[in-house]
Each structure stands twice: as C-alpha cells, then as structure tokens.
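Place chain X on chain L using the hints.
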Amino acid sequence: MLELENLVAGYGGVAVLRDVSIKLDAGEIVGLLGANNAGKTTLINCLSGMVAPISGRILFEGRDISRLSAQQRVEAGIVQVPEGRLVFPEMSVRENLLLGGINARARTHRPRQMDKVLELFPRLKERLSQHAGTLSGGEQQMLAIGRGLMAEAKLLMLDEPSLGLSPLFVQYIFEIIDKLPAEGLTVLLVEQNLMLTLRHAARCYVLERGQVAVEGAADVVMNDPRTRSAYLGL
Amino acid sequence: MSELYQALAQGLLIGSTYGLLALGMGLVYGVSGVVNFSHGDFISLGMFMCLALYSAFSLDPYVSVLITVPAMTAIGAVVYIFLIRPMVGHQFLMVVQLTLGLSLVLQNGILMIFGGQPARTPSVVESKLLILGDVVLQVPHVIAFGVSFVLAGGLYIMLRSTDFGRSIRAVHQNAHAAALMGINVGRVQVLTFALGIGILALAAALLLPGTPIQPTQGLRYTVITLLVVVLGGMTNFVGIMLGGLIIGIAEAFGTIYLAGVLGLLMPYIIFVAIMLFRPQGLTWKSRQ
Chain L
1 MLELENLVAG YGGVAVLRDV SIKLDAGEIV GLLGANNAGK TTLINCLSGM
51 VAPISGRILF EGRDISRLSA QQRVEAGIVQ VPEGRLVFPE MSVRENLLLG
101 GINARARTHR PRQMDKVLEL FPRLKERLSQ HAGTLSGGEQ QMLAIGRGLM
151 AEAKLLMLDE PSLGLSPLFV QYIFEIIDKL PAEGLTVLLV EQNLMLTLRH
201 AARCYVLERG QVAVEGAADV VMNDPRTRSA YLGL
Chain X
1001 MSELYQALAQ GLLIGSTYGL LALGMGLVYG VSGVVNFSHG DFISLGMFMC
1051 LALYSAFSLD PYVSVLITVP AMTAIGAVVY IFLIRPMVGH QFLMVVQLTL
1101 GLSLVLQNGI LMIFGGQPAR TPSVVESKLL ILGDVVLQVP HVIAFGVSFV
1151 LAGGLYIMLR STDFGRSIRA VHQNAHAAAL MGINVGRVQV LTFALGIGIL
1201 ALAAALLLPG TPIQPTQGLR YTVITLLVVV LGGMTNFVGI MLGGLIIGIA
1251 EAFGTIYLAG VLGLLMPYII FVAIMLFRPQ GLTWKSRQ
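As they're listed, the protein sequences go chains L and X. Just so it is clear: in the first sequence, position 203 is 203 by our numbering, and no numbers are missing. If you count the second sequence from 1, you need to add 1000 to reach our numbering.
Same shape as in the complex, but just chain L (with noise of 0.2 Å):
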C-alpha cells in the first residue's frame, strides 16, 4: 500500500536520502534499520510532508501523495510518532489524545476512538488530567502512541518507540504494537535497537548512508553480513 520510488531528499539542498526505494503491503510491520544519520528519520518526515523531495515518487494506495502537504497527509491515514514523543507538555493526557483526533477524518468518531486507546492503556485513563510534560518517559511513548491511534491510521510510523525506556515498557509497547495489525494499521518501525526490531516485524530495510544496503525477511536480514558493517560502519 505504499511505495517509496527512488526517493531522493535533504536539508538545504544536501541530499540525505540517495535513491531509496521501499515498499509495504497492508496489514505489515515493516522495520527500518540503520545506524545514527542513516537517514531514517529524514525517510519518514518525507512520508508525513514534513520534508520535500528533491526528486522520486510516494505512492500510498496507489496514489502519487508527493504534492501532498503534512495536513492532507495524515487526513490519507499517515501517522507518524515521532522520535522523542514530542506529547504537548503543558496540556493533558485528555487534551493530547484528543489533539490526536483533530484531523477531519478521526473526529468524527473520538469519543469512541479515545474509549478504545485507553483500554489498550491503562495508565493513561489513570493520569488523564495529568500534565504531559510530568508523565515518566514510558507513559509518555503510551500518549504518544495513544495519540497516534487517535487519528486513525491506516499507516503509522513509529520513530524509535524503544529509546530511553526501561526494558518492561519496551515490551509492554511492543506487545501493542504486535496488535496493531489485526485492527487494520500498517506499521513502519524506524529503530535503532537491531534484535528488538528482527523480532517483531516480518520485513526489514537497513538504511546506510542514504541508501538501502539489505532488505528482506527478519532472519534473512539479522544473518546478512552487511547488516553488521551497516551498523558498525565496517
């Protein structure tokens, strides 16, 4: 459902991205590897619009989404969590999930979309007047993520959902996001952590320097030797 073709992007016309071309079927959890500055943040910012192109294409659903801005990007489905969470500080658990919502296509069923990600957490319910800025840093992926399925997703990008958390909520997480298939998302990883990614998604990309140096099935990519000298620059 979506298909990235020789995409090629930057900062201030410095290319980041050299020709990167990755595709996903629906109902996937896709991983997307690489090393620091392997340009894995920079890909899905081109996703959500937040990045132009300098050249290649986006198809999502079989549509060319280039032109599209940020906005009408996530009204198509494309969600992204962003790395560092990113939850509004001074507003509540209440208000972030409802900003979640905010987009024309998801508010029209929040209040039941808002029942729905604080049954899957908990906690949140819990601390729902809380100021986000005080939650712990595992709450605070929770709200991010909550947020992110607030807005109805039919592709949701989660930029580096392990970092900084204790290995309970690493799992606790991962555990929803296995899920979140069956409720219809499509899910693109970005993540540092290498085996905690090979376990969860099928598929794997490993970006290094802009480029796609291995793809394949989980264990295929884990065995690739190149996979290794992607991550340790060998």
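To be clear, the hints were calculated from the coordinates, so they are not data collected in a lab. Check before you lean on any hint, since a few could be wrong.
Label pairs and their calculated CB-CB ranges [as the list claims (entries may be wrong)]:
(1) L:Ser129 - X:Asp1163: 10 to 20 Å
(2) X:Thr1216 - L:Glu61: 57 to 67 Å
(3) X:Phe1092 - L:Ser129: 27 to 37 Å
(4) L:Ser21 - X:Phe1092: 34 to 44 Å
(5) L:Gly13 - X:Val1223: 35 to 45 Å
(6) X:Ile1256 - L:Gln130: 41 to 51 Å
(7) X:Gly1165 - L:Gly137: 21 to 31 Å
(8) L:Gly13 - X:Phe1092: 23 to 33 Å
(9) X:Arg1085 - L:Gly133: 27 to 37 Å
(10) L:Ser129 - X:Thr1216: 46 to 56 Å
Since the model is a prediction, treat every value here as computed from it, not as a measurement. Backbone N, C-alpha and C define an ideal beta-carbon position, used for all residues, glycine too.
Chain X only, in chain L's frame:
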C-alpha cells in the same frame, strides 16, 4: 481614603482593557514568535475608523464596531499573509523592524488622511457617570471593563475547550508535533493574528469615548501592551490579565497621587520593580 478607592477602581477598569490588548499580542507571540511593534497603531487605526464612520454616518463607536471588527480582522489576515509570514523564522529583530516600519506607515497614513489635530469622537455615553459611594466612575470605562472581561473570559473558554483553541496551544507548545497531528500550522498563525487585530478593533472602540485621539498615539499603547505582556510572562493567560490590572492600577495611582510626569512613570517603575524580583513575570508552575 476615597482617593484610594477611586484610583483602585479606575485602575481596574482601564487595566482590564490593557489585559485584553496584551492577550492579543501574547497569542500572536506564542503562535508565531512575532512581537508586533505596530500593535498600538492598529488600535489607532481602529479608533480613526470609528471617527471616520462617525463623520460620515454619525455612528456611535459602540455601533461602528460591527463594521470595524470584521474589517480589521480581514486587514490583519492580509497583513499577516503578505507582510509577516514571509519573515517568520527569520531573525527576530528583522521581524521587529518590519513591524516598526508598518507602524510608521500606519501613523503617517492616518496623519495624511485625518490631519494632526487631536480629534474627539462623540458617543452617547461619553459624559455619563456611575457613582458608587465616594467613587465616581465614567460609564465608558465601566463598559470597557465589562466587555473586556467578558471577551477575555470568552477567549479563555475558546482556548480551553474548543479544537481551534487547542490547536493554538499545540502550535505554541510544539509546532512540529502540531503539524504531525494534521494541524495546519500556517492557517492557525494567520487566524490568530487576524483574531488579535480584531480584538484591537473592539478595544479601540472601548477606549475611544471621551478620549481625544491623534495619529501618533500608537506608540503609547504599544509600550503599555509590551509592559503587560512581559509582566504576564509573554504567553500566560492569567498572568497577562493580572499584569493588565496591575499596570492599570499603577497608572491610575500615578495620575491621582503624583504630579505630572512622575505620575506617568508609575507603570514603568512598578514594571521594573516586579521584573527585578521576578524575572519570569507573573507566571508560576502549574500544580499538577
């Protein structure tokens, strides 16, 4: 003793309108990072529009708001889209320069059209007084107080409980994350600026009765608004309203108790005093 109550009452009345003016500036700053140094000149513009409508159609200022508020809101949107938006994100001082230039354009435009003589715009309530015990209040000031508080209350509710209000707060707290929610950040910025200017049009009509106006008065209002905004912590709603009341009271005390120029200095003295001991202004961490 009655002088004290008089000063207090007068200060509260005018201070509420100062607070309203500052809310407009604070909202714009929170959402676009722009401090509009032509703020006071837009107030001037609103006042002169009322004057023009009076001269042409004998409209009382309280009636001409029905025209000036929509007109100024539209002007605000146009100014933002064509003049200010291209500069957002550039050096802060460059944006300030731009708004200062705008201030000059507005002042001189008004000067060209209306001439430099102070002018009065009559209103039916102009000379009416409200007497409470020892305190004599001018009815236009009482109306200004009431309307300012109602409008500020309305703004507060809008920010707290509507999606538009939440988008404004979201853009202020993290514009990138707001965009990821599908919020049209650019549109929120235009609308907030236009709203701010619309509020100025209303405030202009509130301040107008009984006040002689002249084209160069803009700066006075800009400075007072800046004092209140900074005192209020730039973007803190309650802090700004409180700051407005404090500056209003300082001004009233100054003019009633102190002679001449010294009286006019009171707001600035109070401002400096508060900022020296509390640089963050009238803000405090929320209890949660």
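Outcome of the hint check:
1. Between Ser129 (chain L) and Asp1163 (chain X) the C-beta distance comes to about 18 Å, which sits within the given range of 10 to 20 Å.
2. Taken as a hint, the range 57 to 67 Å holds for the pair Thr1216 (chain X) and Glu61 (chain L), whose Cβ atoms sit roughly 60 Å apart.
3. Between Phe1092 (chain X) and Ser129 (chain L) the CB atoms are about 35 Å apart, so this pair conforms to the stated range of 27 to 37 Å.
4. For Ser21 (chain L) paired with Phe1092 (chain X), a C-beta distance near 42 Å keeps the hint of 34 to 44 Å intact.
5. The supplied range of 35 to 45 Å is met by Gly13 (chain L) and Val1223 (chain X), whose beta-carbon atoms lie about 43 Å from each other.
6. Taking 41 to 51 Å as the suggested C-beta distance range, the pair Ile1256 (chain X) and Gln130 (chain L) conforms, at roughly 46 Å.
7. Between Gly1165 (chain X) and Gly137 (chain L), the C-beta spacing of about 28 Å keeps the proposed range 21 to 31 Å intact.
8. The hinted range of 23 to 33 Å is satisfied by Gly13 (chain L) and Phe1092 (chain X), whose Cβ atoms lie roughly 25 Å apart.
9. For the pair Arg1085 (chain X) and Gly133 (chain L), the supplied restraint of 27 to 37 Å holds, since their beta-carbon distance comes to about 29 Å.
10. Taking 46 to 56 Å as the suggested C-beta distance range, the pair Ser129 (chain L) and Thr1216 (chain X) conforms, at roughly 49 Å.
Violated hints for the displayed structure: none, as all numbered hints are satisfied.
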